[in-house]
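Here is how the chains run, residue by residue.
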Amino acid sequence: MAIRRGRGVAAINYPTGMNLGGDPTQALVHSTPTGNFMVTLSSVDLGQGMKQIMAQICAETIGVPTDRVVVDTADTDTGPHCMGTFASRGTHRAGNAVIQAAREARQVMLEVAAEELEVNASDLETDGQGNILVKGAPQKSISIFDVALSAHFKRGRSISGRGMFLIPRSYPEKETGAMKPSTCYAHACTVAEVEVDDETGEVTVLTVKNVFEIGRALNPKMVEQQLVGGSWMGISHALYETTEPYYPNRDHGGTDFNQYLMPGPGDLAQTEIIVLERPSADGPYGAKGPGEMCANPQIPAVANAVFDAVGVRIDTLPITPERILRALKAQASN
Amino acid sequence: MAKVPVQFTLNGAEKAEFIDSGTTLLHALRDKIGDTSPKGGCHQGTCGACSVIIDGELRLSCLTLAEACNGATITTTSGLSEGGVLHPLQRAFLDAFATQCGFCTPGMIMAAKVLLDHTPNPSREDVVEALSGNICRCTGYEPIIQAVLTAARSNSQNAA
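Protein sequences appear in the order of chains A and B.
Residue numbers in the first sequence follow numbering that gives the first Met the number 0, run continuously in steps of one, and reach 333 at the last position.
Residue numbers in the second sequence follow numbering that gives the first Met the number 0, run continuously in steps of one, and reach 159 at the last position.
Chain A with its partners taken away, still in its complex shape (with noise of 0.2 Å):
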């Protein structure tokens, strides 16, 4: 009896967003009248940065510091059709919602900002810091403040955009069953290290080494949150966590919170994180979807790291000590 030690791999390709019956995504911009902008979304943020990253695209197209958009999201009875906030798919079809919209509201502010500047509108730029300036020409300028009062108050103008992403249904086809789930993969590869105890059947994951392609991020500290705190849920779902051990047989189940068992900070395996930036061809600004599929590689990691550590495959979740000993077990009697 002996604790033995293994190392496991593994890489995942992941969609963003799913097949669904078509995948659309709305999105509604406009200014207020102090020229700041307000994103409408029924997208929802459930923590994981949704607003962050829409007034970033949203300002981003615009031409306008972050902090002057507004996001309001998640009531679906009054906010444009969203599909919701799950299979990693808020920033890239919510996103490219939004940069449609915004750059149909920032037309129609250059065109207010053309008729104040008597200047035709496709002379004009923004410098990102709340101005739109004549190219070539800046001292001819218009701060977008004016450019709203403008808007609101003297040329009767809504300086507001509309944005759809529809991502069409993909049906199979009838003699390959070949079809196109998603437009847009993101990749992972990780690396475990484990020390498994054949006496006891307890796992401890001793290293976890990630590397997350993920298209831009565009945030890139909250992508570093997302996949640090991924990576150990990945870890959780592959030893811990389970609501019917002895799936389908109900019995010892847990019946609340308190049953789900979830690592603790005592817990934690030494992690490393690489990001690889490899732009989307379809995405907002590049980005693809991180937020599931980094906590989907540690899984079939560390089932190869037990397998190297002990010979044992177990192929069914959690990878808990009794499954462990079991398959010890049966390899032993074999």
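Hints listed in this document are in silico derivations from the structure and should not be mistaken for laboratory results.
Since the model is a prediction, treat every value here as computed from it, not as a measurement.
Here a beta-carbon is modelled for each residue, glycine too, at the ideal position from N, C-alpha and C.
Don't take every hint at face value.
Stated by the list, open to error - Here are a few chain A residues that face chain B, going by a calculated C-beta distance under 10 Å:
#, residue
1, M221
2, Q224
3, Q225
4, V227
5, G229
6, W231
7, M232
8, S235
9, H251
10, D255
11, L267
12, L275
13, P278
14, A280
Stated by the list, open to error - Residues from chain B shown here face chain A by an in silico Cβ test under 7 Å; the list is partial:
#, residue
15, N10
16, T45
17, V127
Since chain A is already given, all that's left is putting chain B on it; use the hints.
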């Protein structure tokens, strides 16, 4: 059933309420007094989201009867900032991206505050131990541990 009077100091202010006997401190704080910074997660003392500081000690407000707090001095996360300036722990949590959905955050900050009040220069092991009664679904804990260590360092720099 007759109501029971209860009086305590909450974040420096005197509070007096009539409550039903058996009301938890969590319920009294959130639904009677209106301080929603302690969160009700499990209501059984296992998740730590409801943590508050009573007379300098970390307590689970979901397992504490409000009427047992007569005369006590209670601190919650909503009482930490002063004049709009965040407490060093709150600042550190923000800077370290140590919060995502935010539900565990007030409990984490309470646990960390009691640690730093007693142990101004904690080791990583001290921090892990102090947070071990609090669970978090989002962050993987590492950013939270780093935030507490950062707050401890900034405290000792200010004191020096």
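Margin query: Taking the earlier hints as the rules, which of them does this structure contradict?
Written below: 9, 12, 13, 14, 15
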